[in-house]
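Each chain is listed here by its residues.
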Amino acid sequence: GAVVSQHPSWVICKSGTSVKIECRSLDFQATTMFWYRQFPKQSLMLMATSNEGSKATYEQGVEKDKFLINHASLTLSTLTVTSAHPEDSSFYICSAPNQPDTQYFGPGTRLTVL
Amino acid sequence: ILNVEQSPQSLHVQEGDSTNFTCSFPSSNFYALHWYRWETAKSPEALFVMTLNGDEKKKGRISATLNTKEGYSYLYIKGSQPEDSATYLCAFGGGGTSYGKLTFGQGTILTVHP
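Each protein sequence line maps, in turn, to chains A and B. Counting from 1, one number per residue, gives the positions in the first sequence under the working numbering. Counting from 115, one number per residue, gives the positions in the second sequence under the working numbering.
Since the hints were made in silico from the structure, they are not lab data. A few of these clues could be false.
Stated by the list, open to error - Here are the in silico distance ranges between beta carbons for each label pair:
id: 1; chain 1: B; residue 1: Y190; chain 2: A; residue 2: M45; range: 45 to 55 angstroms
id: 2; chain 1: B; residue 1: P122; chain 2: A; residue 2: Q60; range: 36 to 46 angstroms
id: 3; chain 1: A; residue 1: S73; chain 2: B; residue 2: K156; range: 22 to 32 angstroms
Unchecked claim - Derived DSS-like pairs (lysine-lysine); straight-line CA-CA distance at most 25 angstroms:
id: 4; chain 1: A; residue 1: K55; chain 2: A; residue 2: K66
id: 5; chain 1: A; residue 1: K14; chain 2: A; residue 2: K55
id: 6; chain 1: B; residue 1: K156; chain 2: B; residue 2: K173
id: 7; chain 1: B; residue 1: K156; chain 2: B; residue 2: K172
id: 8; chain 1: A; residue 1: K20; chain 2: B; residue 2: K156
id: 9; chain 1: B; residue 1: K173; chain 2: A; residue 2: K41
For every residue, glycine included, the Cβ atom is placed at its ideal position computed from N, Cα and C.
Model the full structure from these sequences, guided by the hints.
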């Protein structure tokens with residue numbers, strides 16, 4: 001139980017295009033999901049909290065207009081990187097809480113912007 | 115900015131060796147300390163969630179301890195096996211408005227040689 005999937009697992013896009021990443025909780029419902037990113041040689045950093053039925057909340061320094069988050073249902077959150085640039089190239093990973101105090105992670109998405 | 119540090123950054127051991135890693139974290143606004151095991155191209159796997167000072171948890175050959183007053187946790191692996199090779203992450207979980215949000219260390223990369 002407690003499986004979280006992400007799609008796609010990797011994506012390459014041209015600068016200026018938008019990319020959508022999906023995060024799904026497969027066997028449980030999640031009113032909240034979290035999005036993290038990891039740059040090379042750095043730790044996972046929280047970007048934003050996705051809330052079902054309400055707006056996402058963003059961590060300091062994360063542009064909400066650039067990283068659009070939609071929590072469409074109790075099992076799906078999407079992160080759209082708008083007008084992607086090479087500096088947005090990173091590893092993006094989502095998590096969802098299930099059992100008390102435990103976060104379950106997806107396998108992540110590697111984004112490369114050319 | 116919360117500071118979560120792990121040491122060592124990487125570790126090479128022989129099969130059968132026992133090993134341990136350290137995670138240091140802030141002692142204020144503490145709610146939980148998480149340990150994850152992360153293999154390449156897979157989702158991070160939750161090993162332990164520890165909330166109480168003095169907590170000790172065990173899962174097979176892996177165990178962890180927690181000292182919230184001084185802000186550190188140890189992860190131990192007894193009789194390492196090649197399949198234990200992975201990156202081990204610790205993450206600090208705060209309370210209050212930070213509940214659910216994790217601050218990660220950079221991880222310890224463990225390689226177990228047959």
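Results of checking the hints against the structure:
In this structure the supplied range 45 to 55 angstroms is violated for B:Y190 paired with A:M45, their Cβ-Cβ distance being about 28 angstroms. At roughly 30 angstroms, the beta-carbon separation of B:P122 and A:Q60 lies outside the given 36 to 46 angstroms, and the hint is violated. Between A:S73 and B:K156, the C-beta spacing of about 25 angstroms keeps the proposed range 22 to 32 angstroms intact. Between A:K55 and A:K66, the direct Cα distance comes to roughly 15 angstroms. Compliance with the 25 angstroms bound is thereby established for this hinted pair.
Taken as a hint, the A:K14 and A:K55 pair is broken in the structure, with Cα atoms around 28 angstroms apart against an allowance of 25 angstroms. With a C-alpha separation of about 20 angstroms, the suggested pair B:K156 and B:K173 falls inside the 25 angstroms cut-off, and the hint holds. Straight-line distance between C-alpha atoms of B:K156 and B:K172 comes to about 23 angstroms, which keeps the hinted pair within the 25 angstroms bound. A threshold of 25 angstroms between alpha carbons decides the hint, and for A:K20 with B:K156 the separation of about 20 angstroms falls inside it, so the pair holds.
Restraint check: the Cα-Cα separation between B:K173 and A:K41 comes to about 29 angstroms, which exceeds 25 angstroms; the hinted pair is violated.
Hint compliance for this structure: hints 1, 2, 5, 9 are not met, and every other hint is.
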